[in-house]
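Read top to bottom, the protein sequences are chains L and S.
Everything in the first sequence is counted per the working numbering, starting at 807 for the first residue and increasing by one.
Everything in the second sequence is counted per the working numbering, starting at 44 for the first residue and increasing by one.
Be aware that a few hints might be false.
What follows is a set of in silico ranges between Cβ atoms, one per label pair, in the way DEER data are often shown [what the hints assert, rightly or not]:
hint, chain 1, residue 1, chain 2, residue 2, range
1, S, GLU61, L, GLY904, 41 to 49 angstroms
2, S, ASN117, L, SER874, 19 to 27 angstroms
3, L, TYR876, S, ASP114, 43 to 51 angstroms
4, S, SER116, L, ALA873, 39 to 47 angstroms
5, L, TYR857, S, LYS126, 37 to 45 angstroms
6, L, ARG847, S, LEU127, 41 to 49 angstroms
7, L, PRO901, S, GLN57, 21 to 29 angstroms
8, S, GLN57, L, SER858, 46 to 54 angstroms
9, L, SER905, S, GLU46, 37 to 45 angstroms
10, L, THR867, S, THR155, 17 to 25 angstroms
No wet-lab data here; the hints were simulated from the structure.
Keep in mind it's a predicted model, so treat the numbers as computed, not measured.
Just so it is clear, CB atoms sit at the ideal spot from N, CA and C, and this is done for glycine as well.
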Amino acid sequence: RKEVEQDPGPFNVPEGATVAFNCTYSNSASQSFFWYRQDCRKEPKLLMSVYSSGNEDGRFTAQLNRASQYISLLIRDSKLSDSATYLCVVNAIPPGAGSYQLTFGKGTKLSVIP
Amino acid sequence: EPEVTQTPSHQVTQMGQEVILRCVPISNHLYFYWYRQILGQKVEFLVSFYNNEISEKSEIFDDQFSVERPDGSNFTLKIRSTKLEDSAMYFCATGTGGQYNEQFFGPGTRLTVL
Numbered sequence: 807r808k809e810v811e812q813d814p815g816p817f818n819v820p821e822g823a824t825v826a827f828n829c830t831y832s833n834s835a836s837q838s839f840f841w842y843r844q845d846c847r848k849e850p851k852l853l854m855s856v857y858s859s860g861n862e863d864g865r866f867t868a869q870l871n872r873a874s875q876y877i878s879l880l881i882r883d884s885k886l887s888d889s890a891t892y893l894c895v896v897n898a899i900p901p902g903a904g905s906y907q908l909t910f911g912k913g914t915k916l917s918v919i920p
Numbered sequence: 044e045p046e047v048t049q050t051p052s053h054q055v056t057q058m059g060q061e062v063i064l065r066c067v068p069i070s071n072h073l074y075f076y077w078y079r080q081i082l083g084q085k086v087e088f089l090v091s092f093y094n095n096e097i098s099e100k101s102e103i104f105d106d107q108f109s110v111e112r113p114d115g116s117n118f119t120l121k122i123r124s125t126k127l128e129d130s131a132m133y134f135c136a137t138g139t140g141g142q143y144n145e146q147f148f149g150p151g152t153r154l155t156v157l
């Protein structure tokens, strides 16, 4: 199983739609989770942090299921400006390491269409 | 809002040359990181740095790579003898470390090795 796995997409959705991204992770000892967004050829920008079962910030809701090792991101009322790649990121101490590291998924590309 | 800055934004070099990539972290952060992202691929961890020493490094971070914080503000990544396959975006990130480990990324340096 890959460390952090995401559906690569692309997801093409009309403005106003609701879209959900899924992510699974392999390290059951992972402590915290993040969704970053990355625009083309730009840096990842922190969108949401998830430490317990979930988090909500405006149109964005993240949910965590530790038993299933699964995280999701829901975007409601999509805007054109939401078009980006969404990166699922997991914070854990990898096997053989002594401190926490972030492990990135490959990302899911979202295009919001007028 | 404080942010991570990086210079240069784009570096073109000949194979075998040394390059130094520079980062100015967010001032109250104590943990510093370098990542790379080859075009079209996922963000990969290179090295973490805390208390003036390397905490962790990945398999990518071989003897050709080094990091230092020469003057208490800049955080640098040196590649001693660049190879074609070092061509990538290099991102500096700074953060809180530990089990929460929120990290904030600089805009990146695009390294092109010819």
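Each hint, compared with the structure:
{"no.": "1", "hint": "S:GLU61 - L:GLY904: 41 to 49 angstroms", "in the structure": "violated, 30 angstroms"}
{"no.": "2", "hint": "S:ASN117 - L:SER874: 19 to 27 angstroms", "in the structure": "violated, 43 angstroms"}
{"no.": "3", "hint": "L:TYR876 - S:ASP114: 43 to 51 angstroms", "in the structure": "holds, 44 angstroms"}
{"no.": "4", "hint": "S:SER116 - L:ALA873: 39 to 47 angstroms", "in the structure": "holds, 44 angstroms"}
{"no.": "5", "hint": "L:TYR857 - S:LYS126: 37 to 45 angstroms", "in the structure": "holds, 39 angstroms"}
{"no.": "6", "hint": "L:ARG847 - S:LEU127: 41 to 49 angstroms", "in the structure": "violated, 20 angstroms"}
{"no.": "7", "hint": "L:PRO901 - S:GLN57: 21 to 29 angstroms", "in the structure": "violated, 38 angstroms"}
{"no.": "8", "hint": "S:GLN57 - L:SER858: 46 to 54 angstroms", "in the structure": "holds, 50 angstroms"}
{"no.": "9", "hint": "L:SER905 - S:GLU46: 37 to 45 angstroms", "in the structure": "violated, 24 angstroms"}
{"no.": "10", "hint": "L:THR867 - S:THR155: 17 to 25 angstroms", "in the structure": "violated, 40 angstroms"}
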